[in-house]
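Chains as they are written, first to last, in the numbering used here: chain A, 1 to 259; chain B, 1 to 194; chain C, 1 to 558.
Calculated directly from the structure, the hints in this document are not laboratory data.
Check before you lean on any hint, since a few could be wrong.
Below, simulated SDA-like cross-link-like pairs (lysine to any residue); rule was C-alpha separation at most 25 Å, straight line [as the list claims (entries may be wrong)]: (1) C:Lys367 to C:Trp239; (2) C:Lys404 to A:Arg129; (3) C:Lys367 to B:Asp91; (4) C:Lys404 to A:Thr82; (5) C:Lys377 to C:Phe272.
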Amino acid sequence: MIRVSGLSRQYGEALALNRVSFEIPAGQVCGYIGPNGAGKSTTVKILTGMLRPTEGTAEVAGFDVTANPLEVRRRIGYVPETGPLYQLLSVMEYLTLVGTLHHLPPDEIHTRATKMLQLFCIGDSANKRIDTLSKGMRQKVVISAALIHDPEIILFDEPLSGLDANASRTVRDVVRGLADQGRTVLYCSHVLDVVERLCDRVIILNKGEIVADDTPTALMAAAHRGTLETVFRSLTSDENQEQTAKEFVDVVRSRGTQQ
Amino acid sequence: MKLDSIRSLEGQLLAIACLFVACIPISGAVIFLRPKFERAMSEAYTASSAAAHDELKQLAAQLEDPAADPTQVHDAIVKLAAPEKEWLYQDWVTHPEPERVITVARLIEADPDYFLHRAEQTVVCGSEDQQKLGLRFLALSEHPSVAVRLQHLLRWTRQRHLPDAPDRIQSVLTDWVASHPKTPKSNEHSGSIP
Amino acid sequence: MSSIASANRIDRLLSRVGVEPRMYRALVRTYLLLDLRNQQFGRATSTAGAKEILTPLFAVTGQNLLIGLFCSVALFARVDAWFFAMVCLNVSMIVTASSVVVEFNEIVMDPDDLNIIGHQPIPNRTYAAARVTNLLMYVLLSVTSLNFCPAIVGMGLRDSGPEFLFWYWGAALAGGLFSAGLVVLLFNLVAGTTPSVQTRELLAFVQVGAMLIFGYGAQLVIRDPRQSLQMIAYEAPAWLHYTPFGWLADIAATTDAWPVTQRLMHLCIAAFGTLGVWIAAIQRLSVSYGQMEPGRTARASGTMNALPAPGQLLSPIFQLFTRPGTHRTSFWLAWTFLRRDPSLRMRCWTTQAVAVAVILMGMLTGKLVDPFVDHGKDAMLTLACLYLPPMALPQILYQLNFSKDHQASWILILAPIDDRVAFVNGLARAITFQFIVPLLLALFLVLTWQWKNAAHALACTVASAIAVAGILWASCAGVLRRVPFSDPLSRGESFGPIALFAGVSGSVLTGLGFCHFALLQIRFGFWIHLAVLVVAAGVTRVLSVRFIAKTPWSKVLA
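Could you build the full structure based on these sequences and the hints that come with them?
Structure below.
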């Protein structure tokens, strides 16, 4: 489980997170959404122990992320947005490294990695350097690396970025399957229709604060909106997007008019 | 050897090791060619032709003339720029016969530091023949610092284990000290051994 | 069995100091693989792409071996063993220390590394141990390659012997490791976790300059008619023995003065000192690794000094030299890239290394004679200084084809650039102002200082400038054939594709140099030569403009 209490993070003058609190029990897929700069990635990095909170506490699998970061990292799998990799390593070398860091036996690493790559249809690329792969293939490598050690808690940050429709479907089914097996999943994404269909619960973050926390159905009912996207816009945007778009087009046309 | 095996970690380390191995015979060749290196050590007497104007050549001729006014010669040398003094020195060294004793005396009298240091340099940096000329220049000098310079040269050549130079310098030093009994033998120069 | 037993012992030792052995081995192997494949490794050296066989590490090692060899050969049989050891150790320590600083991000503190494995369960101590091992491997390789040839050649000195190998190696390892450890410790204490971009760039230039000095300086020593180095060795002051290099040289080479026990004692002191520095450095590094946060790199962070938009330039002076529209925009583009991309700057400046080295060599040997006064062979070096700067132009302009942001070049491909000549010329003009003008200005000042005749210096510099103009136009046509900044960086390190063009332009400039020399012998020869240069540059310009105007970009995005 993930337990966050009064979590804050400051970057200089800017407050990226402001007293955020939530709990995600085991077996739940929790969507964590918000506009750009809302604090989603900051939250996730705090949960992985890569950033320290300015205030508040965060517990992952019963361990405090500040006091016991190692224990936390042993139990999590993390799929970062635009997952950085050691580009100069081959796919198998990278997965072997990750498996070794999680104390998996060498033959088990090889077996798991090979199977995962085959299931992702990139089995032929096992010995290719990562910098020769396409964006989608690299994303599959990142996901494989996050899951190779069978973590209790998985943190996804835009995991479907760059994936084709088939691979996206596979990943969504994997996420669902992991939760059904009792894993805790935190799922960050801007693709709201996927979040709506996949997640048991959605937390909406805006300017570092939680503005909504409920199931997608409940949120839509409470806001009298038909989709999660409309709920999202109503809670996080002060603008009238249609008006904004119209004005934008007018700016573009005005140059043409001047010509 | 397949290219892929060179691209592996072990292959790359082996390639780097080969670089080191290749340097061994090259370095060994340098040691083997030490005599050639030593023979190549010599001074190049290429004083600028621009420095050899007529007045300087005239002065060079006057240096060995016993009838020339010593004061005038002294003043003329003192006023010379470094390239011109260099030219005079090189003129003496490159024309050793007949030996110009008065020239040496007049040069030393006018600027002992420059010319004695220059002769020292010839002994340090020159070929065997040039060394002898440099030593001869020092031997002909009457300046009191000659003994100290010769001692420094002796220490230097002994320290470097040069084959014949120490004996040559010792001989010159002994003769010079014998002909200048009142000169102090203080060690004014610091050498490379503390 | 014995290797397994020793592996087990090492594992036990690692566990005893709090390092997880299997993780440590995996990380060390990974970092070694990355070092071998890393194209950024060694800023001033050429790199290997994915298909090449030999790696940058190979090139750096080869380069270091050559530096050591050049130093040894320059000093051999000229100086005593002590001075020989002192200079070689000095070179080794400076090059090693500067390499550590320049490659600080890659081999010591790499915040980007956290983005990749920051969430993995690696104990701080294991991570620190792996990075320090990687650093030590690099330092050891650097020290070994720099001192390999001197250690062997030094044995052949008359006042030396086979024992020189042992003592010199001991001193070299102690000195090299000490200087690297001190750099790591000082940077950690003084500058925080990573040195700034400006510091690293400055030190990268220092490193390149040092290599120039050691490489060309060795040739200088061999050709120096005044035998300056031998006299320095002869007159070396006693206080040099109290410097780190002098003290280590005493350990390495003092066969007659110190008994073995005394040398051994001094070597042990050096070793303990080195160990102490490294213990302190590792402790600091462990703390720093634990405090590192991902994403904070030594690359530009925070706000940059805003540069004016295209159309408004940095200075009214540039408005004089650029035409509004496409010309000024492309000038701004190249100028901005050159201002903000240290890698591009470094790649451009290193192509001028030979020209700078020859000018320096001329200054130091006093052979930069005034060709208007001295028409003899001595004038050849001066003429080389005039015609070497333009020789590097094809290579400099070639660098504008490459960028790590090459995929963003679609913007330029899709832009309706109607005047390709103006666009290309704007790029070239930015290069001219950043690199050629400062070099020509420096040349003018050096020549004026050497000859005490500004008019002659100006005339010679003008001749060089006209040659530059001609080659610049020819290079615009011959080299700037692609959309700028559209090719991956790795390919930019090889000059193979323009070798023919560079060879031809180099031959033309060499011919111009000889022509200049020949015409010096006749009355008004220089002015005839200048007229020839102007006509040649003019014709080149006309032909180049026509060629550029009717030739489209030679490739688009792959």
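Going down the list of hints, with the structure as the test:
Only pairs whose Cα atoms come within 25 Å are accepted, and lysine 367 of chain C paired with tryptophan 239 of chain C is rejected, the gap being roughly 33 Å. Of the supplied pair hints, the one linking lysine 404 of chain C and arginine 129 of chain A holds, its CA atoms being roughly 18 Å apart against a limit of 25 Å. Between lysine 367 of chain C and aspartate 91 of chain B, the direct Cα distance comes to roughly 20 Å. Compliance with the 25 Å bound is thereby established for this hinted pair. Note on lysine 404 of chain C and threonine 82 of chain A: the hinted pairing holds, with a Cα-Cα distance of about 17 Å set against a maximum of 25 Å.
The hinted pair formed by lysine 377 of chain C and phenylalanine 272 of chain C fails the criterion: a straight-line CA distance of about 55 Å is larger than 25 Å.
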